[in-house]
Amino acid sequence: MTQPVNTNETKTDLYRRQFLGKTAAAAGFALAPGMLLTEIAHAKPADEAVSTKNRWGLLINTNKCASGCTACVTACQVENGWGEINKSEELSRASQKAVWIRKVKLKDKQTGHVQSLPLLCQHCEKPPCVDVCPTGASFKREDGIVLVDKHICIGCRYCMMACPYKARSFIHETIKNQKVHAPRGKGTVESCTMCAHRVDNDGIPACVEACNAEGHQAMYFGDLKDSNSVISKELAKNGGQQLRADLDLNTGVRYQGIK
Amino acid sequence: MLSHKTIISTLLSILLFLPVFAQADNLMPTVPKAKAKANPETLCVRDVKVMRTNHMEFLMHQRDETMRKGIRTKKDSLAECITCHVSKDDEGKFASYGDDEHFCSSCHNYAAVKIDCFDCHNDKPTAASKTGSTVK
Amino acid sequence: MKKNIPFIAIEGRSSGYYSLLALLGAFILASLGAFYYMEHHGHYVTGMDNQIVWGMPHVFAVFLIVAASGALNVASISSAFNKKAYKPLARLSGLLALALLAGGLMILVLDLGRPERLVIAMTYYNLKSIFAWNMLLYNGFFAIVIVYIWTMMQRNLGQYTRAAGIAAFIWRLALTTGTGSIFGFLVARQGYDAAIMAPMFILMSFSFGLAVFLLVLMASYSWTERPIGDAIFNRLKNLLGIFVASVLFIVAIYHLTNLYEAQHQGFEAFILLNGGIYTQMFWIGQVMIGGIIPLIIFYTPSLAKSRGLVGLGALLVIIGGLAQVYGIIIGGQAYPMTLFPGKEVIETTFADGAIASYTPTLAETLLGLGGVAVALFLVAFCVKIMNFLPASLADKDVDPHYKAS
Chain A
1 MTQPVNTNET
11 KTDLYRRQFL
21 GKTAAAAGFA
31 LAPGMLLTEI
41 AHAKPADEAV
51 STKNRWGLLI
61 NTNKCASGCT
71 ACVTACQVEN
81 GWGEINKSEE
91 LSRASQKAVW
101 IRKVKLKDKQ
111 TGHVQSLPLL
121 CQHCEKPPCV
131 DVCPTGASFK
141 REDGIVLVDK
151 HICIGCRYCM
161 MACPYKARSF
171 IHETIKNQKV
181 HAPRGKGTVE
191 SCTMCAHRVD
201 NDGIPACVEA
211 CNAEGHQAMY
221 FGDLKDSNSV
231 ISKELAKNGG
241 QQLRADLDLN
251 TGVRYQGIK
Chain B
1 MLSHKTIIST
11 LLSILLFLPV
21 FAQADNLMPT
31 VPKAKAKANP
41 ETLCVRDVKV
51 MRTNHMEFLM
61 HQRDETMRKG
71 IRTKKDSLAE
81 CITCHVSKDD
91 EGKFASYGDD
101 EHFCSSCHNY
111 AAVKIDCFDC
121 HNDKPTAASK
131 TGSTVK
Chain C
1 MKKNIPFIAI
11 EGRSSGYYSL
21 LALLGAFILA
31 SLGAFYYMEH
41 HGHYVTGMDN
51 QIVWGMPHVF
61 AVFLIVAASG
71 ALNVASISSA
81 FNKKAYKPLA
91 RLSGLLALAL
101 LAGGLMILVL
111 DLGRPERLVI
121 AMTYYNLKSI
131 FAWNMLLYNG
141 FFAIVIVYIW
151 TMMQRNLGQY
161 TRAAGIAAFI
171 WRLALTTGTG
181 SIFGFLVARQ
191 GYDAAIMAPM
201 FILMSFSFGL
211 AVFLLVLMAS
221 YSWTERPIGD
231 AIFNRLKNLL
241 GIFVASVLFI
251 VAIYHLTNLY
261 EAQHQGFEAF
271 ILLNGGIYTQ
281 MFWIGQVMIG
291 GIIPLIIFYT
301 PSLAKSRGLV
311 GLGALLVIIG
321 GLAQVYGIII
331 GGQAYPMTLF
341 PGKEVIETTF
351 ADGAIASYTP
361 TLAETLLGLG
371 GVAVALFLVA
381 FCVKIMNFLP
391 ASLADKDVDP
401 HYKAS
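Protein chains in written order, with our numbering: chain A, 1 to 259; chain B, 1 to 136; chain C, 1 to 405.
Calculated from the structure, these hints are not laboratory results. Keep in mind that this is a model prediction, so the values were computed, not measured. Cβ atoms here follow ideal geometry from the backbone N, Cα and C, with glycine treated the same way. Mixed in with the good hints, there may be bad ones.
Over the 12 Å line for every Cβ pair with chain A, so calculated as not near, a few chain B residues [unchecked claim]:
no. : residue
1   : 35
2   : 49
3   : 55
4   : 88
5   : 100
6   : 105
7   : 106
8   : 110
Think about it this way: if two alpha-carbon atoms lie no more than 16 Å apart in a straight line, the pair counts; the simulated EDC-like pairs of lysine to aspartate or glutamate are [to be verified]:
no. : chain 1 : residue 1 : chain 2 : residue 2
9   : A       : 126       : A       : 202
10  : A       : 107       : C       : 344
11  : A       : 107       : C       : 347
12  : A       : 107       : C       : 352
13  : B       : 37        : B       : 76
14  : B       : 69        : A       : 149
15  : A       : 140       : B       : 64
16  : A       : 105       : C       : 352
17  : B       : 75        : A       : 48
18  : B       : 33        : B       : 90
19  : A       : 259       : C       : 344
20  : B       : 74        : B       : 64
21  : B       : 114       : B       : 99
22  : C       : 128       : A       : 131
23  : B       : 74        : A       : 248
24  : A       : 176       : B       : 119
25  : A       : 109       : C       : 347
26  : B       : 75        : A       : 47
27  : B       : 69        : A       : 202
Next comes chain A alone, as it looks inside the complex (with noise of 0.2 Å):
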């Protein structure tokens, strides 16, 4: 650190005022939809790091997640760069190809009720393919969010037999054209981030912006750690399974409606 201490303190003190100013601002809206709530909930600087102080979830709520519409995926692809917006990945086959996030309809084989929802990195607090990577790239942030050091990977996709989710995906081709927030490269690889880059400037995932501009406000996200947070007040009144909760791996993701 090349900064004297003090100023770093001045800047801290600064940021809290700034904070409890925009907390007060936003007390008027505690009704507001979580988009507001949690923008406002986690401001950090640049120069702070992640903190175990927080941690990243997304609750969905199937029964509000419409059967054929794919914001959330189109959304997520715009974003990063990867699917029909990112032209470089064209030699792969459609099985070879990288898919961060997807739509699943499910039917019950007992009761015939049908529904959709998104499926992607489940963040989860011990992520099976951290505990098998070889090199320490694929890696949890200290706020939960599960990540691949795309620099010290080898691409041996141990991480990929690991996963229970299929969340992960090998590239299998160069690529150009990447976003500048979200590298991809030739042998390496890759899953959803949660948007880090959007949630460390305060932002929220691409998919929950594009669920809520549709309307239908089937995905929250938020700080599963505030138990003020939206998503927290949410998932304490109604609940939210994970997905092979038999694995327990305690999943930053969770999902409500799946019946």
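Chains B and C: place on chain A using the hints.
Just chains B and C now, with coordinates in the frame of chain A:
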């Protein structure tokens, strides 16, 4: 004591090799100019000399800070280097990494230093995402 | 007291020897070409994708790595368990173990998405990763077995052979446990997630390793016109039979356990009944070719008399072994993971709930075969430059008291 012979031969050899030294100037890489001066005093985010010799360490440090800790300060950000240093050619197109006209490869080609940054990172300036650009 | 059998390097000047090296060399070059092709273009030129992430290279690599530790068994029996009859074979056993491991690891490394970052794999360790443990286990195996062979070859170090042999034996058990655990510790997939994977891999290693050893021994002795007596040959053959039977046994336990549990019944039906190629691989490849036929050959006296048939039996064990590893690696991935118990996926863009298909391309198959070629090339080369092979394995030299039954 130096003999006449030695002095003459030394002078002769200098004369002989002078054209080589003169040409060496042209052999140096032509590094494209940056679009702006990040700092009017140091000309770049740090003293140019320091940047030339140590940029890889700053980038590596920033790489781990951003990747692991979510610290997204601009000073040593690769994207910022690219935005400022990679410029368009006469036809309005950005050079690609590997071309002698690309800021990074102009020198890396000359020094024969292989890097894999641009296997994953974009080698050209792009418009940042809506929320991604609101760095404080 | 019988005198020790001298170890003599093979002459290695015949056209046959050079033809063998040339043939293996051609396979190695082809695999390097395949490697360059795959790395230059990316893995899109392979049959592997985001559903089947480990393919043919891994089948060959895992087979070779498993066989490597098994090939060391002959040496272990001589040193750790003090069976004198096996002592003349110990050097070759150690050499074959090193060569097979080298071949297997070459495949694994060359299949990586970023093979040029091997140095990262050696410098960044995530100690919770079974892969990282395995990297330590592989390197340790090389070191220990080299020391072990050294104590056997250096006259004044003979007193340390037993200790080195015991260390190598323990290490090889750990190594195969590690290899099996690569799969055993994967909670996500129906076909894996079983502690029995580790002991199963150990028994597989006994069987595959000895089958490879027997074939290499037969080939090198027949081509150099050195004798192998019935005493040592029948011991090896009978031992291989026991190993083959024990693999069948543990495979049966593995599937019976799965069959009993409702949540694994879908996977079992896939492997045992309706999995198409994987069902065939299991019943025809693994059980018939790799198990029952070799057992019949080894234990029917009239058949077992023929060296050619026993050699064929060992070859069948290898083919069945490859089928078994294929079933474990590819079959285990092809069967879909259950994300939503009790539900059927009716729409998806990522093949959820569907059985994945896999067609290996020539490149990835050549890469796998190249690993085999590297292993055999190393053996052929080393038996020429160093004294690995006993001059004779005739009954009178190995065990003067042996009487043909």
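Tested hints:
For residue 35(B), the non-interface assignment is confirmed: its Cβ lies about 16 Å from the closest Cβ of chain A, beyond the 12 Å cut-off. At roughly 18 Å from the closest C-beta of chain A, the C-beta of residue 49(B) stays outside 12 Å, upholding its exclusion from the interface. A cut-off of 12 Å between C-beta atoms confirms that residue 55(B) is not in contact with chain A; the least separation is 16 Å. Every CB of chain A lies more than 12 Å from the CB of residue 88(B), the least distance being 16 Å, so the non-interface label holds.
Under the 12 Å C-beta cut-off, the non-interface status given to residue 100(B) relative to chain A holds; the minimum distance is some 19 Å. Look at residue 105(B): its CB is around 15 Å from the nearest CB on chain A, clear of 12 Å, so calling it non-interface holds up. Distance to chain A confirms residue 106(B) as a non-interface residue, since its nearest Cβ pair spans about 20 Å, more than 12 Å. With a closest Cβ-Cβ approach of about 24 Å to chain A, residue 110(B) is found to remain outside the 12 Å limit, as its non-interface label requires.
For the proposed pair residue 126(A) and residue 202(A), the alpha carbon gap of about 25 Å is over 16 Å, so the pair is violated. Distance hint between residue 107(A) and residue 344(C) is fulfilled; the C-alpha atoms sit about 5 Å from each other, no more than 16 Å. Proximity of residue 107(A) to residue 347(C) is assessed by CA-CA distance (about 9 Å); at most 16 Å being required, the pair is judged to hold. A hinted pair counts as satisfied when its Cα atoms are at most 16 Å apart, and residue 107(A) with residue 352(C) qualifies at roughly 13 Å.
Annotation: proposed proximity of residue 37(B) to residue 76(B) holds, straight-line Cα distance about 14 Å (limit 16 Å). Straight-line distance between C-alpha atoms of residue 69(B) and residue 149(A) comes to about 12 Å, which keeps the hinted pair within the 16 Å bound. For the hint pairing residue 140(A) with residue 64(B), the CA-to-CA distance comes to about 13 Å; that is within 16 Å, so the pair holds. Taking the CA atoms of residue 105(A) and residue 352(C), the gap is about 10 Å. The hint holds against a cut of 16 Å.
A threshold of 16 Å between alpha carbons decides the hint, and for residue 75(B) with residue 48(A) the separation of about 14 Å falls inside it, so the pair holds. Distance restraint check for residue 33(B) and residue 90(B): the Cα-Cα separation of roughly 14 Å lies within the 16 Å cut-off, and the hinted pair is therefore satisfied. Annotation: proposed proximity of residue 259(A) to residue 344(C) holds, straight-line Cα distance about 12 Å (limit 16 Å). At most 16 Å may separate the alpha-carbon atoms for a hinted pair to count; residue 74(B) and residue 64(B) meet this at roughly 14 Å.
Distance hint between residue 114(B) and residue 99(B) is fulfilled; the C-alpha atoms sit about 13 Å from each other, no more than 16 Å. Proximity of residue 128(C) to residue 131(A) is assessed by CA-CA distance (about 6 Å); at most 16 Å being required, the pair is judged to hold. Between residue 74(B) and residue 248(A) the CA atoms are separated by roughly 39 Å; this puts the pair beyond 16 Å, and the hint is violated. For a cut-off of 16 Å, the pair hint linking residue 176(A) to residue 119(B) stands: about 8 Å separates their Cα positions.
The straight-line distance between the Cα atoms of residue 109(A) and residue 347(C) is roughly 14 Å, inside the 16 Å bound, and the hint therefore holds. Pair hint residue 75(B) plus residue 47(A) holds up; C-alpha atoms about 11 Å apart against a cutoff of 16 Å. In summary, the hint linking residue 69(B) to residue 202(A) is supported, as the alpha carbons are separated by about 15 Å, within the 16 Å threshold.
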